[in-house]
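Enquirer: Each chain sits in its own coordinate frame; assemble them with the hints.
Order-wise, the sequence lines are chains S and A.
Sequential numbering from 1 applies to the first sequence in the numbering used here.
Sequential numbering from 1 applies to the second sequence in the numbering used here.
If you're looking for bench data, these hints aren't it; they were derived computationally from the structure.
Since this is a predicted model, take the numbers as computed values, not measurements.
Note that beta-carbon positions come from the ideal geometry of N, C-alpha and C, so glycine has one too.
Restricting the straight-line Cα-Cα distance to at most 27 Å, the calculated cross-link-like pairs of lysine-lysine (DSS-like) are:
(1) S:Lys51 with A:Lys96
(2) S:Lys44 with A:Lys109
(3) S:Lys44 with S:Lys27
(4) A:Lys96 with S:Lys44
(5) S:Lys44 with A:Lys73
(6) A:Lys96 with S:Lys62
Partner residues aside, some chain S positions facing chain A, computed with beta carbon under 7 Å:
(7) His31
(8) Gly42
(9) Leu43
(10) Phe45
(11) Tyr48
(12) Ser95
(13) Tyr100
(14) Phe104
(15) Pro106
(16) Gly107
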Amino acid sequence: NAGVMQNPRHLVRRRGQEARLRCSPMKGHSHVYWYRQLPEEGLKFMVYLQKENIIDESGMPKERFSAEFPKEGPSILRIQQVVRGDSAAYFCASSPWQSYEQYFGPGTRLTVT
Amino acid sequence: AQTVTQSQPEMSVQEAETVTLSCTYDTSESNYYLFWYKQPPSRQMILVIRQEAYKQQNATENRFSVNFQKAAKSFSLKISDSQLGDTAMYFCAFMKHVTGANSKLTFGKGITLSVRP
Numbered sequence: 001n002a003g004v005m006q007n008p009r010h011l012v013r014r015r016g017q018e019a020r021l022r023c024s025p026m027k028g029h030s031h032v033y034w035y036r037q038l039p040e041e042g043l044k045f046m047v048y049l050q051k052e053n054i055i056d057e058s059g060m061p062k063e064r065f066s067a068e069f070p071k072e073g074p075s076i077l078r079i080q081q082v083v084r085g086d087s088a089a090y091f092c093a094s095s096p097w098q099s100y101e102q103y104f105g106p107g108t109r110l111t112v113t
Numbered sequence: 001a002q003t004v005t006q007s008q009p010e011m012s013v014q015e016a017e018t019v020t021l022s023c024t025y026d027t028s029e030s031n032y033y034l035f036w037y038k039q040p041p042s043r044q045m046i047l048v049i050r051q052e053a054y055k056q057q058n059a060t061e062n063r064f065s066v067n068f069q070k071a072a073k074s075f076s077l078k079i080s081d082s083q084l085g086d087t088a089m090y091f092c093a094f095m096k097h098v099t100g101a102n103s104k105l106t107f108g109k110g111i112t113l114s115v116r117p
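Just chain A, same shape as in the assembly (with noise of 0.2 Å):
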């Protein structure tokens, strides 16, 4: 079983600045996926960035960017030039690739991250 480990309940970052988000993962599979999903206060969980667990390359969407370090199973969230509008909670999720079919996604607890003016 995949366990996903969120250790920093909640987070503060002044408008403009950089903030980076923890994550850590179990697991023995080798093939799988990771990803940051947001929940603003609507409650509707948005996609904010996935990596591929077989790419070195770290993803990055726009203000976002990822540390993925697959030996250490480590998958952190960086968010630069932060806006008011990134006040979420933050989660983190395991997806294991299953070939030719689809897969379930494992959450981590999640981050309360707010943007100060």
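Excised from the complex, chain S in its bound form (with noise of 0.2 Å):
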């Protein structure tokens, strides 16, 4: 059984590009939830999606973020007109229902120049 599967495992954008982070769950997991872990700092929450459904955006900034987890597929976190703020490495985490257990993918590292 795969793990979590995160791509690009590295993402160099520069600023005003878009970046496309990819998150494919583990087998049987219908809830994925992302994370941005800043240089030096502990991961914070983003968002946590089901299938076709996010159920909390509360860590989501307000403008040019957004994620989606289609019915098929994997899970995207969108981020538009990146600014150097936005570097940082993405973790994205996968659980079956009703489940405490969350198991991380690799993350992806994204620099903006």
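Expert: In structure tokens, the structure reads:
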């Protein structure tokens, strides 16, 4: 059973470009969470999604950031018009329904130049 | 809202010795879960141990054990017989229990643990 997959592992974008981060949950997991880790910081919750639904987006910045988890395919975290402050590691985690266990992917390191 | 505090930014321990990492949290919830995650240089987040708040018995996983003091809202991690592979950042995390649903993790800032040979 493959773990949580994230791609790309490293992404470099220039200011003003768009960044798309992908997350494929573990097989059988219907819930996905996105977290952001700034340098020397802990992980901060961004958004929690179920297939075709956003359950909790209380940690998402109000502008430029969006997330989706379609019926088919991976979850996507999209950052429009990236700025230097978006440089961070973005982690995805997945879990089955009604579970307190979250399994993390290896993260995507976004660098904005 | 919940907060998790890890006040020690870094610690160092001699190989084979025991080290305790501290964590406190603040919540008005009565039912919740607490976790310790390890993040080695590879940056992969690895679950080390978890504790259900309704359980009085402290969780243990091989060389890792916790001291859970619910009234004091304290949740420390003890690593016995430290090994070089334990060198990593360690994060304490809180999750509210939501009946019939999943919930998010709230993390502390982490502590860098170095194991000296």
